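Read off the chains here:
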Amino acid sequence: MTNPKQKIAHGKASRKYTLLSLLVAGIIIAESALLSFEQIPVWAQYAIALAHIPFTILVATLGWRALKELDEMQRLIHMQAFIIGVTGSGAILITYTLLVSVGLVSGQFTWYFWAFLWIIYSLSYAFVTKKMS
Amino acid sequence: MENKLKILRAEKDWSQADLAERLSVSRQTVNAIEVGKYDPSLPLAFGIARLFGRQIEDIFIDGENK
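Chains as they are written, first to last, in numbering that gives the first Met the number 0: chain Z, 0 to 132; chain A, 0 to 65.
Bear in mind the hints are in silico, worked out from the structure with no lab data behind them. Heads up, some of the hints might be wrong.
Calculated lysine-lysine pairs in the PhoX-like style (CA-CA distance at most 20 Å, straight line) [stated by the list, open to error]:
| # | chain 1 | residue 1 | chain 2 | residue 2 |
| --- | --- | --- | --- | --- |
| 1 | Z | LYS130 | A | LYS36 |
| 2 | A | LYS5 | A | LYS36 |
| 3 | Z | LYS11 | Z | LYS130 |
| 4 | A | LYS36 | Z | LYS129 |
| 5 | Z | LYS15 | Z | LYS129 |
Since this is a predicted model, take the numbers as computed values, not measurements.
Could you put the whole structure together from the sequences, leaning on the hints where they help?
Here it is, written out as structure tokens:
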């Protein structure tokens, strides 16, 4: 007999993992954006640095739990989506950094630049998971 | 890699969801294997073979040795 709860379990796990991955990327990029503001006080910088410890433990625990619920093909899809998302947004970040460093672009790492990177990562992730499913 | 999973599943009158539940994978994975978009791992291939009472090579056909 088909158990409806079991039928939807893998779909739920997949959605949970997607949301977690996007959330982590979003938080990392939001943190970079926050640190790009020059006026940020030193205590806030220390607070952000210290917050990495519980945050990393929480993400690792949630990520591991969600990963265990996925089946082998879903793991492969999410791994590929992650690699493509990081490669895509990373390539933009590296290119922009190089252009700024050689003086071809007089840009700054503003909060909307980091937001743009998060959007690129999210779209790449969504595109890969959708295309391969 | 080609396979006879769809035929074997039809013989048993199982839906993709029924087969997925028996193999403890998602329906998405069963569909991807059937249409040749995904080659299962060896443990999953053994699980499929065991479920249908066949040898792996009876279900999965190596494209190079057809």
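- Would you pick out the hints that fail for this structure and give their numbers low to high? Structure breaks no hint.
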